[in-house]
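Chain order of the listed sequences is A and B. The first sequence begins at 1 in my numbering and counts up by one. The second sequence begins at 1001 in my numbering and counts up by one.
None of these hints come from the bench; they were simulated from the model. Each statement offered as a hint is correct.
Cβ pair distances, simulated, as ranges:
#1 A/GLY43 to B/LYS1216: 48 to 54 Å
#2 A/GLY65 to B/LYS1209: 50 to 56 Å
#3 A/GLY65 to B/PRO1015: 24 to 30 Å
#4 A/GLU20 to B/SER1203: 46 to 52 Å
All values reported here derive from a predicted model rather than from experimental measurement. Glycine residues also receive a C-beta, built at the ideal position from the N, C-alpha and C atoms.
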Amino acid sequence: MKKITTPLDENQIRNLKVGEMVSLSGVVYTARDQAHKRFLEKGSRGFSWKGQVVYYCGPTRKPKGKIIGSCGPTTSSRMDSFTPALLAQGLKGMIGKGRRCKEVIAAIKKYKAVYFLTFSGCGALLSEYVRKVTPVAYKNLGPEAILKLEVKDFPLIVGIDSRGNSVY
Amino acid sequence: MVADLCVEANHVLRPDVSLALQKALARETNKRARGILGAIIANAGVAKREKLAICQDTGFPVVFVEIGNGVCILGDLKEEINQGIVNGYKKGYLRDSIVRDPLLRGASGFGPAVIHVDIVKGDCARLTVLPKGFGCENKTQLKMFNPTAKLDEIKKFIIEAVKSAGPDACPPFVVGVGLGGTADYTMLLAKKALLRKLGARSSELGARKLEQDLLKQINRLNIGPMGLGGKTTALAVNIETYPTHIAGLPIAVNISCHALRSATAIL
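Here chain B stands alone, though its shape is the one from the complex (with noise of 0.2 Å):
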């Protein structure tokens, strides 16, 4: 099964990343940038048909299971994972980006995955591999902002990330926010946004406003498709929070570009 979404992810763009793109290219006045968001969705058609990968970075594959508590799992579930993202790299035809060893770099393969595990209430589990791109992944961002910074300074640090992402990683970008938490726990949630649908708006009051007032202000940034202007340059902004300590306020950014692949199945 892991095999299979590793596949998917990989051949077929996300609906929601698909829609996102049709309704960004219906928006765009820039002739260039219209030039090129064809060109992404023509790539993502050919893709799928051809079944071919939709990026040649197939990402790291990082994989993320919910079990719930009623579940008694038997065997060695990383170990599967890691079979599964061998078989689904292979029958896939996907590139094998991952070093051993990542001073001495060596022969490239296709694993290990990075698994986060989490335990959830209910009777199933539920498992998606999100292969992430490297060029927007080498664009991460931390910082540990004081508790009492202002809203226009945190605003300010995830609009210079993705600046300093600009041509680089392939805009437009989804950019995942994690707010909140630990240093660790931040970038988790961070890496967790891109998993949610394009569209979708935070639960939160405060999160969901901050999302708005960001995607405006990302898009004003005229750096656009292939950064080569137009006001296309991010597709969303998905944030999601966590409780924090009171002497710190974490905050991540974890960019993925445009090819924002992940494929969940439900056990």
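For reference, chain A alone in the conformation it holds in the complex (with noise of 0.2 Å):
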């Protein structure tokens, strides 16, 4: 299986073909509904997306004694109509379940940047390739919080490459 790591350059996006498997190390983002909305309405002082990977997941509370808890992905196409502003932002890749809509696949192609799928329904499963959690902004969100996680060989499909080709 191939494997990639963040920060995600030109060439390692340019090499990432549809249906591909591959395996991820490095750092992503975690941001769902409200943490796309609020982000785009309000900003976040000293968080950019430029050049990273935002992972749609709102993990289950942290169990004694665990690095995090349940920690799958949730459906890509609710965060669908700010993905654009994001990728225009610097956003490089998106890691989520399901399907896009058309402006999307069109801004990933526009700006180079790529849509991982990973196992849905399969948060504890997932939740051992976490190495370390730190919350990066809007606690008060609660499970919708912007949180860094550092992750090892994180299990990837490419949903939708660089060039536009989308799995589904």
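Please assemble the complex out of the two chains, which come individually in their own frames, going by the hints.
So, in structure tokens, the structure goes:
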């Protein structure tokens, strides 16, 4: 399986082909509905999506003695209306589940980004690939806060590649 | 007790769902689908062993209470159930996914549950907690058919509902169908259908045949696990029926993701 590391550079992104399985090591940031909305309305001091990977995920509460709770992907299409704006700001990768609208696919192509899928409904399994969690912003959003996750060999499938080819 | 049911439902995959996944893996020939089914089965193992939620969406807690007519209840039943939900969700490190105000949203918490109370014959009470994931709940459909609707139109509506849920709602699905009653009641039937053991067929002859036909057709859609192809699009189609009005035929589809979770206790 192909291994990729963050930050995702142009070369890594260009070489990713739709449908292929890859494992990602490095940093991803969680954000879902309300974090997207708030970021685009108000921004967040000191945090930028430039060059980053977003993970559409709202984990369960952290059990005692664990790094993170269950942390699988949520439905990506709910973020579709916010995504082109984030891609314009330099977001390079997205991890989620399910389809994206044609505007998002066009923006992925335009900004040379990539959309990954990961095992949906497998939050317990995916928690085992997370090495460290650091809160970043919007703590009062609870499970929807932005968290920095350091991951090792996180399993992904290329859902939409930088040429705009979709697996669906 | 409600607290324990919340934890059990969210941490331990139902044995019938687990069995259905194993059977699907044995039948599946698509390599990628087999890999994903393997991950889903492994996930249930990790959840049980590590006492983690099967899915980070620990659902909207839906509680079904059947009270025997010989049972006398002292105290505030709904209040006690809601307190049990809070306790269970805290104890199991489950997610606080419920916002008080659907428009203003705001901070999320652990309840209240949606509670359905039914009076039945007997002298015991039965309590079921169904934490319903919202990725699949969002794909719910209701249609009021004409009483003269053809069976093919009904099938088409149900299959289209599955197609529209597609890769987004975590296939392989369990498809709950309500047939008859009123608009509100058929929705409840569709949800209740998810509680029936997978593999157990409807006791009504017509519904039983429809369940089998639909399952076959749905598994030919090539949606597959994660929507990436394969013959495992649904693990089961469960249909619940009720008498209806001469002027209509309400039909509801309530889909569950593969992480179909529920737990029951009898008092």
